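Chemist: The hints should help you fit chain B onto chain A, whose structure is shown.
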Amino acid sequence: MCEDIYRVRITSRKMSGEAAPGQFLMLKSSPGFDPLLRRPLSFHETYDDSFELLYKVVGRGTLILSGRKCGEHVDSIGPLGKGFRPAGGRPLLVAGGIGIAPLLFLARRLREEGKEPVLVYGARQVSFLVERERFEGLDVTVRLATEDGSTGFAGTCVELLESEMSKSDYGVVYGCGPSAMLAAVSELCERYGVESCQVSIEERMACGVGACLGCSVASSAGGYLSVCKDGPVFKTGEIVF
Amino acid sequence: MSVDMEVTLGGLSLRNPVVLASGTCGYGTEYCDLLDVTRLGGIVTKGLTLRKREGNAPPRIAETPCGIINSVGLENVGLDLFIEQKLEAVRGLNTKVFINVAGSTVDDYVRVVSRLSREDGIDAFELNVSCPNVEDGLMFGADPGLTYTLVSEVRKETALPLFVKLSPNTSDILQVGVSAVEAGADGLSLINTLHGMVIDVETRKPVLGNETGGLSGPALRPVAVYYVRLISRSVRVPVIGMGGIMSWRDALEFILAGAWAVQVGTGLFSDPGLPLAIVEGLADYCERHGVERIADLVGEIDVS
Chain A
1 MCEDIYRVRI TSRKMSGEAA PGQFLMLKSS PGFDPLLRRP LSFHETYDDS FELLYKVVGR
61 GTLILSGRKC GEHVDSIGPL GKGFRPAGGR PLLVAGGIGI APLLFLARRL REEGKEPVLV
121 YGARQVSFLV ERERFEGLDV TVRLATEDGS TGFAGTCVEL LESEMSKSDY GVVYGCGPSA
181 MLAAVSELCE RYGVESCQVS IEERMACGVG ACLGCSVASS AGGYLSVCKD GPVFKTGEIV
241 F
Chain B
1 MSVDMEVTLG GLSLRNPVVL ASGTCGYGTE YCDLLDVTRL GGIVTKGLTL RKREGNAPPR
61 IAETPCGIIN SVGLENVGLD LFIEQKLEAV RGLNTKVFIN VAGSTVDDYV RVVSRLSRED
121 GIDAFELNVS CPNVEDGLMF GADPGLTYTL VSEVRKETAL PLFVKLSPNT SDILQVGVSA
181 VEAGADGLSL INTLHGMVID VETRKPVLGN ETGGLSGPAL RPVAVYYVRL ISRSVRVPVI
241 GMGGIMSWRD ALEFILAGAW AVQVGTGLFS DPGLPLAIVE GLADYCERHG VERIADLVGE
301 IDVS
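Protein chains in written order, with our numbering: chain A, 1 to 241; chain B, 1 to 304.
Looking at chain B on its own, in the form it has when it is part of the complex:
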């Protein structure tokens, strides 16, 4: 039996449900010697901002129990240099490319998305709403109203599938997700990293140069699976699940919880072969269980 691994979300068809997460795979080219991205569902590029960002002072990463904490701070070349230096290579990846976009004003996002929508070789956008809004310092993704405004303005600029990546650092992630969908999002990615910090008790200083950072890895997986289940039942658009996926079993948890696709991020650092192993493991599971299409497993958690 050959298993149909294709999934379609927001009008976008992926050859399988495994996608590389933003910030962990650069522009898809850095891992070229270690990983064949053409065999994956897609990649999400490093968060892109209108203007170049230098990022935060080092140290930027620390290992934590079953995870890592990072404060890279959205270091990236900015829109113009991205188009000039990176876009050609991204176009040649022969996999679906999601451009992750970040900003500190609505206009920042609008300008990046409208400019890139005129370029070939981009398949979708993913909005990172975990950045503080300069106008009031509040994170876009912490507030349903701010999220609605942002997504509805960006929606006007592109016909490409638009995903919104939700942050768990809010009191009501569900309402933020619902607002994003009402404003026109084609899908939701969740979850982004959890706020955290680590202190070196000998020096009494924070380990990260930026003091605080975002926690990723298996430590937060149950939280992510929970939110995928909660939100996928409440919205009519597809959800992409992520958070500490280190095996095909982990990926399948997200799919059973309601995710149409999954993103692998932190796990890539440990094993660049992991994304392909997940694709193979999922196909093998489907065969063993007589499942013809991986899409048939989406949301198929048995709570009877």
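Okay, chain A solo, but in the shape it has when bound:
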């Protein structure tokens, strides 16, 4: 879609029917055992018989995945984890970079429920703001931010989020992006008294089903939570950034 970002459509009536926004699957980037671990990827959009994944090439697994050919069989396990939860009030979606991936499916569901979500979407430059026209196609109000000022607000999505929050009241903020960004989003929600702030967290995973305890995030109640089973979507009060 742009230099490092890819979108793939995978046929599976069962998985697309069961998936909820914010859930993920564990995908083998290639047959066999190299790379050894599956890669966790969130559902980008679902259809009756298939679903889409949107991902950025960040390492060997995603690089191999990006080279797979149309028509090839892929091995995946899912849907897994807990997704975004319903909440009252107007929803505000905030994405940093490839954090846009799980928000399209969520935005469509919210529109189907008659909600009027606003999307705040930031990236380094305009070419990285992929899929924005699909949100517009859903009649979602889209606010863009680029760090180089090539389009929209010149700055980060967090800065744009603050200006958006200062203008209107929102009942729920759904966020996905880098950890530092989500920490800032959480802090803003607290400051503006947003009822519910939910963020989708990324962590290296091995099993994906809560068995290996490899993908931990610090819990605000002490100890750790598993991103794969307790998340990947958390209410920001549940976790420590």
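Warning: the hint list may mix true and false statements.
To be verified - Residues on chain A that point at chain B, a partial pick, calculated with CB under 10 Å:
#1 P178
#2 A180
#3 G223
#4 Y224
Claimed, not checked - Output of the computed footprint for chain B on chain A, the stretches with three or more beta carbons under 8 Å from beta carbons of chain B:
#5 33–42
#6 183–191
#7 195–207
Don't read these hints as lab results, they were simulated from the structure. Note that the coordinates shown come from a computational prediction; the quantities given were computed from them, not determined experimentally. All residues carry an ideal CB built from backbone N, CA and C; glycine is no exception.
Modeler: Just chain B, lined up with the frame of chain A:
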């Protein structure tokens, strides 16, 4: 021809020699949608300590060439909550259950084993001796004398089969294994993970939150096969082999090297269907080679 896949080790009879390794399958219930554990030889539960452990700071895992490195740090609910919350489900698994026990003093191990020996539905214990002993900081499994003391004290507490899981991070794994057997172990599991670390050169920081971790996966398989052969020839108790088993061929290497059973761990992450595929592959191999009992292949490496 129907192949007899049953194996008996330390008085414990398994329906086949494929067992899930500790730390990779939780308490056996997490994988229930993906894997039928009743068709396996057994499972080894997540390492259990006397008191709850929160585990290490993330990141806890990283993929390495042909393996993974982890520093989970024995996160577990502790003995009391295990009995309260997990034991009932473990009892209902309808497969042989090995409880993996870890601790930082001899007393820690003794208290967990003596308490659980009074409970139904547990078939065996596996002692993780890869933990540092708080008294001198030395890992139990690094020292034959410490291992002997630990195993002999735990032995007094249980009549159930007692396995000791050996660490390769010692200068003399063979002597540690021999000491465990002299102290009353019914069998040995080997090998645990190899110490390792990974550094992110861009940030110059260790990739794991704990700096170092344990390496598992196919990268260490030849090391594990070697130790299984070395140790199984030197002790009179059965050995359970593990280390990067990703196919029935890999499992068979361990059996031919002298293992009575094998454990599958890291491979499960890649393919939850792997353990059953190994059972089927081993049975198929036996048929093709006219082997009536899988147990007849144990130690049958041909070095002529």
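Chemist: Hint by hint, say whether it matches the structure.
Modeler: Consistency of the hints with the structure:
Look at A/P178: its Cβ only gets to about 14 Å from chain B, farther than 10 Å, so that hint breaks. At a threshold of 10 Å, the smallest CB-CB gap from A/A180 to chain B is about 14 Å, leaving the interface hint violated. For A/G223, the interface hint holds, since its Cβ comes within 10 Å of a Cβ in chain B; the closest pair sits about 4 Å apart. Residue-level restraint check for A/Y224 holds (minimum Cβ-Cβ distance to chain B is 6 Å; threshold 10 Å).
As drawn, the stretch 33–42 of chain A meets chain B at 6 residues by the rule of a beta-carbon pair under 8 Å; at three or more, the given contact holds. Only residues whose C-beta sits within less than 8 Å of a C-beta in chain B count toward coverage, and the stretch 183–191 of chain A has 0 of them, not enough to reach three; the restraint is violated. Counting residues of the stretch 195–207 of chain A whose beta carbon lies closer than 8 Å to any beta carbon of chain B gives 5, which meets the minimum of three for the stated coverage.
Comparing the model with each numbered hint stated earlier shows that hints 1, 2, 6 do not hold.
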